[in-house]
Amino acid sequence: MAIGDKLRLGDVLVKAGAITADELGKALKAQQQYNIPLGKVLIKSKLLTEEALALSLSEQLNYPYLDLQVVKIDQESIRKVNENMARMHKLVPVYIKDGKLGVAMVDPLNIFAVDEVTIKTGMDVEVNIATETDVLHAIQEHYGVAASIQAAVQSLSALDEKKEGEKAVLEEGALPTAELVADTPVANLVKMILTQALDDGASDIHIEPGETLTQIRYRIDGVLFEAARPPKSLESALISRIKVMANMDIAETRAPQDGGFGVQLGNKKIELRVSTCPTVYGENMVLRILDKSNLRVDLEKSGLTGANHEKVEKLLGKPYGVILVTGPTGSGKTTTLYGALQKLNTPTKNIKTIEDPVEYRLPGIRQTQVNPKANITFVTGLRSLMRQDPDIIMVGEIRDNDTAEIAVQAALTGHLVLSTLHTNDAPGAIARLTDLGVAPFLLASSIIGVVAQRLIRTICVNCKAPYTPTEEELNELFPKGNREPVALMKGKGCKQCKRSGYSGRMGVFEVLVIGDDLRDLILKGAAPMEIRDSAIDEQGMITLRQDGINKVLAGLTTVEELNRVTFAD
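Position 422, counted from 1, in the sequence shown is what the working numbering calls 437; the numbers after and before it change by one each time, with no gaps.
Worth flagging that the hints you see were computed from the coordinates, not collected in a lab. One thing to keep in mind: the hints can contain errors.
Stated by the list, open to error - Here are the simulated EDC-like pairs of lysine to aspartate or glutamate, each with C-alpha atoms no more than 16 angstroms apart in a straight line:
no.	residue 1	residue 2
1	K510	E147
2	K358	E315
3	K44	D26
4	K539	D450
5	K364	D404
6	K206	D219
7	K358	E325
Claimed, not checked - The calculated label-pair distances, taken between Cβ atoms and stated as ranges, are:
no.	residue 1	residue 2	range
8	K329	F582	24 to 30 angstroms
9	K495	K247	52 to 58 angstroms
10	Y296	Q48	58 to 64 angstroms
All residues carry an ideal CB built from backbone N, CA and C; glycine is no exception.
Please build the complete structure, drawing on both the sequences and the hints.
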């Protein structure tokens, strides 16, 4: 490490040609002024990226560069260095080889950190270089959940040794409340699971019981990824802890339950909806994360573009009628409705909602939560809202005949009503309401438009690159022939997208506007396919599939994603 004694970071970077001497001088002045590390000054000034900084150091100092998003970290090496030391020196142990401990460091010139690790572990240290983002993420991932799991297991083992009788209580899921609400290892584990899920941008957390272990998975951009595998012995205490937080009955393990709670994580306050369901190996738990800071309210940015956007704008400009948003669970229906409400929200309008649950609070809009214990259901709540002099009403979901009938009547009496339905496409909404018992003449008079949607993953902008499509992909994009020479885009996979090639999601839409021709078909009781064909022929309706194809051709998503969320027409 003699080189570390002779050279400073700035000298190394200038010698490597990564920055000039003038740029170093300016950066050093900024460092003294703001008292932040030189590396951060260079990155914030956009003179270097994190990866360029690490690669320059690697080349000049002859230390290997490690991509921690790709390298598998050995858990045995993690146990050699405690979390405080790792965070203080911004390093993470990666491997043990030939009796030496390999560590990835942000600053390989920090010889004091290397000496301390050597003394604490009693092992020679092999220095590797990694970016700060990668190191901090690795610390969070491997010291966070993994360390919390280990601490919780040890805590429960100690508890078993003290009081053998409490083992049976744990197995039955009835861990005493006092143990759960305190700052215990199990409570810390729950906090780490929630923190990691939020950092990874997850929308749901799945805690799934198996025969011999428990699996924790996060849904990120609509796809499930495994996060951790706590031992089976920890399952009961983990689920009981979350049940207490969600105000659920921890003694009830044989019946499904629903609950929820809010929590402050860092500078974010999030709300979680919790659901449990018994399985043959124990209770399965799913937590839906409601992060207010991620709420999109701009309809156009959500993927509703071109002709579809114009149609929806015109529908929202109507003074009365029913507008339905359809799609499966998790397809972004509620977000679309919130976006519509934000657009409609003006001081001259009285907007009321009835929701189950109220997922996000919207300023200026009066929102009511369904509460069966207080006799507030969609039906009773909607009837009450009708007496509140509303201009616009949003009903979270039309689930039964009574709700459907009241929504239709509200539209016929001069209100604009927005709601959701679970159907596969826009024309299917008419058939669904007919199945619920709404008369065709009422539907023809009240429904003014239906928006069907799905969420599709978008290509990572950091690693997207063009490629020549295969014959099969061209068949998917041009099913009627008339092929055009196209270059499609796909993500190569990078750190920012966790090597998936995708980052974020957007909607694909199908907008059905009910005109005179379609009203005649509804009155005749026409089948959804007939309504669909008429909408395509008469008004040029863009189907979900075609909107997805348009987004593939625009370089926003891939054929794989197109086939994952839509069927061929």
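Worksheet item: Which earlier hints turn out false for this structure, listed by number in ascending order?
Response: none
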